[in-house]
Structures are given as C-alpha cells and as structure tokens.
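Trainee: Take the given structure of chain A and dock chain B to it, following the hints.
Protein chains: 2
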Amino acid sequence: MDGKAADIGITVGKDEDFPEWYTQLVVKARIADYSSVKGFMVLMPYGYAIWEMIRVSLDAKLREKGHRNAYFPLLIPEGLLRKEAEHFKGFVPEVFWVTHSGDSPLSERLAVRPTSETIIYESFSRWIKSWRDLPLLLNVWNSVLRAEIKSTKPFIRTSEFLWQEGHTAHASKEEADKEVLDILRLYERFIEEELAIPVVSGYKSEREKFVGALYTTTLEAVMPDGKALQMGTSHNLGQNFSKPFEIKYLGRDEKEHYVWTTSWGVSWRLIGALLMVHGDDKGAIIPPRIAPIQAVIVPIAYSEEQRGMVLAASREVEALLKGEGIRVELDDRTQYTPGWKFNDWEMKGVPVRIEIGPRDLEKGEVTIARRDTGKRLHVKRDILAAELHRVMSEIQGNLFERAKKLLESHTSTARDYGEFVEILREKGGFVKAYWCGGGECEEAIKMETGATIRAIPFEAEDPVGSCIYCGGEAEKMVYFAKAY
Amino acid sequence: MDGKAADIGITVGKDEDFPEWYTQLVVKARIADYSSVKGFMVLMPYGYAIWEMIRVSLDAKLREKGHRNAYFPLLIPEGLLRKEAEHFKGFVPEVFWVTHSGDSPLSERLAVRPTSETIIYESFSRWIKSWRDLPLLLNVWNSVLRAEIKSTKPFIRTSEFLWQEGHTAHASKEEADKEVLDILRLYERFIEEELAIPVVSGYKSEREKFVGALYTTTLEAVMPDGKALQMGTSHNLGQNFSKPFEIKYLGRDEKEHYVWTTSWGVSWRLIGALLMVHGDDKGAIIPPRIAPIQAVIVPIAYSEEQRGMVLAASREVEALLKGEGIRVELDDRTQYTPGWKFNDWEMKGVPVRIEIGPRDLEKGEVTIARRDTGKRLHVKRDILAAELHRVMSEIQGNLFERAKKLLESHTSTARDYGEFVEILREKGGFVKAYWCGGGECEEAIKMETGATIRAIPFEAEDPVGSCIYCGGEAEKMVYFAKAY
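These protein sequence lines are chains A and B, in that order. With my numbering applied, the first sequence covers 1 to 484. With my numbering applied, the second sequence covers 1 to 484.
Calculated directly from the structure, the hints in this document are not laboratory data. None of these values were measured; they are calculated from a predicted model. A hint or two may mislead.
The list treats identical chains as one, so a pair stands whether inside a single copy or across any two.
As the list claims (entries may be wrong) - Dumping the calculated DSS-like pairs for lysine-lysine here, alpha-carbon to alpha-carbon at most 27 Å:
{"hint": "1", "residue 1": "K255", "residue 2": "K405"}
{"hint": "2", "residue 1": "K38", "residue 2": "K89"}
{"hint": "3", "residue 1": "K476", "residue 2": "K375"}
{"hint": "4", "residue 1": "K28", "residue 2": "K248"}
Isolated chain A, as found in the complex (with noise of 0.2 Å):
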C-alpha cells in the first residue's frame, strides 16, 4: 500500500484545476479509492482512522445527550417502505432491489436501505407504548446505498456512504422542534470546532426538505470553486410517518397520541469537505482535533551509528509525548528516505512533523514543522510536549480563520437579479437575495442560473424586501448558491 503514487505529489495546482486536485489528492493521500463497482468507493486505512475519529467524536455527544446506539436490517420489505407515499417516491429512483436469494425469486422486492426511517418505526410502533417511553432516542452508525447516476466523486457523491442516522421519538411537536435545532447545533459546533469549517445555518426550503418531512434544517459550507456543500441535515418528520406505521402512546391524559418523529445525519462527507477546504497543493491538512495522527516523528541520520542514536531519541519522544495525549507516530521505515517521508506525510496532512537528527541531539532539541503554514521551529526537548499543544491549537485556529475568509469572500448580496446572475456567473458562492417564498420563483431560478436556495436563516438579519425574481414581498434574504 506503501507504493509510489507518494513519490508524485498532485500535479495540478488546487486553484488550477479544482476537481483533479481533489480527486488526485484523495487518491495520493491513501485515503481513499475506486473500487470496480461504479460509484462504490473504498475507504483506505487512513480515511477510515479519519472516519473513527468523527465517529468516536459524535458518538460521544449524542450518548452524553441520551442517544443510545443501535442496528436495524440493511434490506427493507418494498410494502414497508412504501408506507409513506412522498418518502417512497423520492427515494425509489436510487433504490437498488434485491430481487433474488441465490436462485430463488423472492415474494416482494427489499430496499438496500437508501435511510431507515420506515424500518426503524416498524420497531417503534411495536416498542412505544406509553408515554414512559419517550423520548425514544436512537441513533445508528451503518452504510446506506441510493444509486448516482450523475458523475460520482469521492466523498461527496457515491453510491454508498457511511454515515450516521439519528431516529427519535417524542410525545410532542415541540419537543421535536427542540430536538430538531438541539442536534443541529451539535453538528455545527463539531463541524466548527473540530472540523474547521464554518456553516451556514437555517431552514430548507418546501422544493429542497428531506422527502416526508414537515421541515428539515441544514449546515452549509462553501468550498473553494464557490459550490455549497451540505454538510448535515436534521428534520422534524412531524406525524407524517407515525401516522401510517401506528406509532400511538398512551399519554398521562389515557388517550392514544401518534408520537412526533425526528431523524438527523452526517456522513463520510464530511471527510470530502475538509480535505477540500484545507488541503494545499501538497496534500491534505487534517485538522490537530480530528486528525487520527497528530504529529509525526522522521529521525534523520546520515550514518548506521547516527541512526542508532537518532531512534533511541525518537522512541523516547514518542513514548514521551503519548504519555501527553498526543496521536504520535514514529516513522521508523527503513526503505525510505527522510526526503519522502516528508512528502509523503505532507499528503496526508499530519499537522505537525517532528525531526530529530544529530544536531538536534546535540543541543537537546528537536525540529517541529508546521502543516499549515510550513513554518519551521527548534524545541527544546523538555517543552516539547507543551509546545506541540501550543502549536496545535494555533493551526486549528489558523484553518479556521482560512476557512472563515473563504466563507466570506464567497459570501455576497444580490440587489437585483443582474446582479444575482452575475455573482453566480463570476465568482459563485453564497447570494443573499430576497426571496418571496414561492415555488416558483425558486425554481425558475434554479433553472436560469443552476442555483438553489441552501438556506432559509432561521433569523431574519435584514428589513423586508422585494423578491429577486418577482418583486414580491420578501421577509428574509436566503442563500443561494450551485450546490454539490
């Protein structure tokens, strides 16, 4: 797996040519690959330590939440999944059937799961029974499968994705509501603090909410070519599904009440966005909080007994800065050079890359290097380990600033729909323009200039307005932008 895609970094720069960097950089990195199944990615051992790490993150947070992890069938009855009309009929173009068990037609096709929720209220209708048992809070890490037809790219539009699945139940709509914008906030905070990327917050529009919902909220980020990314969705599916699957509780009042539903979820998508908002024309950068190594160690040596010397040094820094909590690997190959063992640690964006060679040992220090910035420091060995942690914290926060200015730069407001046009037409990104809330505005819209609305704030910052396209009365300025 150690091959020699390494040795030949990216050869096209990240503002030359954006998709090839991209899709260049996933593969030179090793974190992931294509696999002979079209649209099916395989993810590689870094990719998937990357993936743990958000997992390890996210599961934490929804358990100190109340969120209890759990697994359902990954082949769902088509009469089950048909249960909620408008679900159905937005998912069914992706499905892929199972239509046989080895040479045996089966009685009724199965859904490769494309989302849960119809398989998962099969068990709440027969688990709710009071109002005892709400809230009921699941949460489900797995792999879903709906069919791209459209080019694929890894990360961010495959056939199959590893993600999360929030499913809960509750006994009121307001309490929905309050799960809904609670889980929301929780991925924005993750998603800012760990991943180093700002969003952009709000509601869905009618045209653009998860099918079967009664609203669904969104994050958005804006990647470097000036398309929006969606990064993570939670929805209110109001009773619309516990009508038809009979979820009912027995409430204080002794009447039967259909529960309200909610359901939420991020995906290896996530990964997608943080090596395009990040990366360099080196590589990727992962950011120090959810990168699964923190901070490598390359001994130098230009002679067998140097070398000696040089990784008795390493070990004992890296047993030293593991004792501090640091993701530290020592890279003790021998076939390669500390030459392209730079390059190719630069690659996979390890935040920092310590060097320790004679002269380093001489003097008691060693060589930190920076990811992000390049930047190159002496440390004295006894302070190291307070100084990675120094030196971490500012790169988180440096690419996160990078990231803030990317998001603002990409940021503009619309007077008119000239003006509209021409953003989307010359730089892209986020507009703002007033919106009338019709449907059809919005999809005239997206037909002329291939732009959605993203978000609808949950806040109104501006005075009332008049629509871009129509001229009618506005209360907000959305987002808009071409999207992922």
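Mentor: For chain B alone, coordinates are given in the frame of chain A:
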C-alpha cells in the same frame, strides 16, 4: 421500549425448554428483536452496547498487532465473486442478488457481500507491488448477508449479521500460517478471558473448511443443550485467491511472487453464546469484563423525604464508582418500583446490583447483590469500589468455572461406534473419537448421527488408534458434535 415485557419473566426453565428459554431471554432482556424481514434481526440498544464492548476490546488487540481498519463496498459484481470457483460455488446459494437500480435493470448482477475476500482482493492486486508492501494487515467491521433457508435463531442463525472480517497478505506460507494461528490464539484468549467461555481449538476437516481455503482453524464451544457452536474461524487461503486475482509482489530476489492470504472473523454470534452459556431462569448473566453495565444502583425509599436523601447518596456512589473506572448506571426512574427494577436488571444480566436504602445510609453501607449466585453483602461505602472489583473478578471466575464444568461434562470419548451413537443420542456434547481422515467415513457419520467433525486438535493427545467408523488407522482423536 421499557414496556411491560420485563414485568413477566421467562415463562420456561432453561433446563425445561432450552430453545424457548433462549428466544424469550433475547427478547425480554431487550437485547434483540425480530424484524419484519424474515431472518433479519434488530439489535436493540442493550444488545448493541454488548457488541460495542466486544468490538472495542477486539479492535484494540488487533490494532496492537498492527492491523488497520478499512471499509469496502457492500455490493460485489458477480464476475468478481466468480473468480475463485470453489468460493463462488460455496456461497452462491446464500447470496442476495441486486438486479435493479431504480427502474433500470443492471448490466451485471451485484451480490450483497456474503464475505469480502473477492472485493478486497481486487484492491490488494492494485495496492501490493513490492515486498515493501507486505505484510498487509486489514480488518473490517461491517455486516454481511447470507440467506438462511433453515429456521433462524437470534444471533446464531440470521440472514444478516454484524462481524469483523480480517484480511491479510503475506510474502510466504510460513508467515500466513503464523498469522492464522496468532489470530486464533487472540480470539481464544478473548473468548475465554472476557466472555468466560472455554473453547476447543483445532483444524476443520476438508469437508468443513471455508470454501476456497487451504485450511481452516476453528474455536468451538458447547452450549447447555449439548450442541456445539462455532465461535470463530481463521483461514489460510494459500494462493487460491492471489492467483485468480493476480496479487503479486516483486521480491527482494527481483522476481514476481504470488502473495499468501488469510482471512478470519468473529460475529455477533458471540453474544448468542454468552447468553446461552451463562444465562439462568431469571435472564442473562453478562460477564463483568464485557458487561456494558457492570453495576446498577437501585435507590430504595419509602417516603418522599427518604427519596431525596437516598437519591443524593446514590448519585455520590455513582460518581465515586465512575471515578474508579467501574461502568455503573443509576436507575433513578420514578415510574418503576425497586422490585420491578430488580427483575429488569436481573433479566438484563448486570453482574452486580447496588441497593441504597435508608437503613444502609444510617450505617454508611450499601447492599450489593451478585447476579450469578444471588448472594447479598453489606459493604461499607469507603471500601465499596475495591469490594466491587473483587466481587466482579469472582463473578468472572465463577462464570468461567461453571462454563468449564459444562464443557467437561459435555465432552465424552467413544471407544466404538455403538457408544458414539449412544452418547450423541443420550447427552450430546463433544464426542472424541478416532477418525481415519477419510471424507467417506465423515459423511457417513453425519448422515447416520447428524454429528460433524467440529475440530481436529493441533496436537495428538492420544496414541494411534482405529477409525470409529471404518476401523482404518487413525492418527488423532477428533471432536465430533451436532452443531448449530
């Protein structure tokens, strides 16, 4: 989810109707539930928590050995699955086939993975170029589907199961041999030391080996009904896959060689085994080392005034024990009585119950109750953590000793075929008998008695003898049993 089920205990004795006892246990302890898809099971939060304990523990052991996690596509093109002929023939009757995506028929059928050798080797052939890339040590946590046509049983026989599948590539047969045994020993230690279930280890016969393997090694346990249960397997696949998949490396000798591959796995079946082996008429008994909840605190109060004091004390004890690394839960639900809670946690098999009532408070004590023996002890609060560690260690040991007696009392030696048949009919369990190594004798014995060879010990414990069936020369006594 906390419905009425636990109010009613298991209605049959474990000794009276074992299959019914097991099924009731799984559902009433809310470990798993049936789904609307025949043969597919829902893993409920408490069951998932047990699986997470297994996963975290095994994952750390594999990581320490140098294995890395990855994720491979769920769907495998038929052509890829066909590449190793025996493998395909073995799995094809159990494969769920995807034939359509949306409304469109696929040009090639896709198998929902029954195991991932083929899809993984397709990547190995691209990733492995040189001896520097070896050994390649991967592991995957996923679910696989194998259609069960026979009657299903939660955890033991389901059409979908959660498992881990390890896949490695090595430069030589010797290295692959070592890997196979290292992993088997790792599994064995885990199963005996953490799940408290003693196992028999050895080779599978040609008839029973993994389809496509050079040879298979196995761990087998005996269940209380006398049936054997395969707990884990580790296969040396030789070059059977590397040849059709063209997985070659350039050796230090500058020549091309095919790699040697291994695969190995354990599944959620381990949960079924621990429920069957350790459970009693009151429910599950989860060994402390693997229990997601090691101790549950049940506050007992007879008045509102007492309730406040008792709850405050319970919270203190909870914090104290958490600080000592004990996985403790405080059951402060107000809608249930202490008696109901006792039954509920006994059903779930939490190893230790801690009762805190007004009398305990006065004496600075708590009352602890062991799930395995039911014995109750009064313990001073200042030595509680140490005492719990001692008691849990005793429970772990006691469960293993009980399971060892179960294995010993269900292991017999048959000197002739008459005795062999009688033992299998009367008491079941493992029957050790001489076997000539011939497939015909093995087949005949299976036809006549239903017993298969579960394991051929690695080392002969016995002098050479005569095959129990044909009388031919036999080098070893092997373990026969009827199996799940």
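Trainee: Hints first: check each against the structure and report whether it holds.
Mentor: Right, here's what the structure says about each hint:
1. Taking the shortest alpha-carbon separations for K255 and K405, neither the intra-copy value of 54 Å nor the inter-copy value of 53 Å comes in at or below 27 Å.
2. Taking the shortest Cα distances, K38 and K89 sit within 27 Å of each other both inside one copy (24 Å) and across copies (25 Å).
3. Proximity of K476 and K375 under a CA criterion of 27 Å is satisfied in neither setting, with 45 Å inside one chain copy and 67 Å between copies.
4. Within a single copy, K28 and K248 get their C-alpha atoms only as close as 52 Å, which misses the 27 Å cut-off; across copies the closest is 21 Å, which meets it.
When the structure is compared with the earlier hints, violations turn up for hints 1, 3 and for no others.
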